[in-house]
Amino acid sequence: DTGVSQDPRHKITKRGQNVTFRCDPISEHNRLYWYRQTLGQGPEFLTYFQNEAQLEKSRLLSDRFSAERPKGSFSTLEIQRTEQGDSAMYLCASSLAMGTSVKLFFGSGTQLSVL
Amino acid sequence: QQQVKQSPQSLIVQKGGISIINCAYENTAFDYFPWYQQFPGKGPALLIAIRPDVSEKKEGRFTISFNKSAKQFSLHIMDSQPGDSATYFCAASEGSTLTFGKGTMLLVSP
Numbered sequence: 001d002t003g004v005s006q007d008p009r010h011k012i013t014k015r016g017q018n019v020t021f022r023c024d025p026i027s028e029h030n031r032l033y034w035y036r037q038t039l040g041q042g043p044e045f046l047t048y049f050q051n052e053a054q055l056e057k058s059r060l061l062s063d064r065f066s067a068e069r070p071k072g073s074f075s076t077l078e079i080q081r082t083e084q085g086d087s088a089m090y091l092c093a094s095s096l097a098m099g100t101s102v103k104l105f106f107g108s109g110t111q112l113s114v115l
Numbered sequence: 116q117q118q119v120k121q122s123p124q125s126l127i128v129q130k131g132g133i134s135i136i137n138c139a140y141e142n143t144a145f146d147y148f149p150w151y152q153q154f155p156g157k158g159p160a161l162l163i164a165i166r167p168d169v170s171e172k173k174e175g176r177f178t179i180s181f182n183k184s185a186k187q188f189s190l191h192i193m194d195s196q197p198g199d200s201a202t203y204f205c206a207a208s209e210g211s212t213l214t215f216g217k218g219t220m221l222l223v224s225p
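Here the protein sequences line up with chains D and G, keeping their order.
For the first sequence, position 5 (counting from the first letter as 1) is numbered 5 according to the working numbering, and the numbering increases by one without interruption.
Residues are numbered in the working numbering as their position in the second sequence, beginning at 1, plus a constant of 115.
Possibly wrong hints are sitting among the right ones.
Going by beta-carbon spacing under 10 Å, a handful of chain G positions derived as facing chain D [claimed, not checked]:
no. : residue
1   : 149
2   : 157
3   : 158
4   : 161
5   : 164
6   : 202
7   : 205
8   : 208
9   : 211
10  : 213
11  : 214
12  : 220
Hints listed in this document are in silico derivations from the structure and should not be mistaken for laboratory results.
Beta carbons are placed, not taken as given, at the ideal position from N, Cα and C, and that holds for glycine.
When you get a sec, could you build the whole thing from the sequences and use the hints?
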């Protein structure tokens, strides 16, 4: 169990550019989540996958955001035409779907700064 | 609409003291209530969790008290240590996603 890994740890970009983040979940976990966290706030749910299927998307996930999980393993989150309001920590988490307990294991996040 | 309200925003406790963080929720369909601990530069880590059919759960120095009728739950950290200094988040789930509170920054002074 190597934990959830996210890449890159930090990303600085200019407004209007596209960015892509990667998440590698714990290998036996079938669920993968993306959350966003801004300073002084709790994580906010964006979307989640069970295997390769994207099962739920938050209204926070605008059309500029797209997430994929090909083959049910790693996931990518792309933000197109970034805006300053996109600056945040993007957290990935994984879990094993078992009963009704939602036990999320988080990565250390990707800190995005949009200049 | 903030579904999980957490207080206080920040807390300073002396070493050896008891830290208490409170959360309240509105959605009666929530059926799982975890607490997460987050250190700077790291993602949140699951600390302890409870289901609404139990009024209290204890794991080491950490205890969750749950009041279903009041729709409130709290985290108690006994014998608080400087290493407990972190941000704590309560959360609640309905289905497959977690909704988090805004967090409490705890500082345990030596």
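Return the numbers of the hints above that this structure violates; sort them in rising order. Checked against the structure, no hint fails, so every one of them is satisfied.
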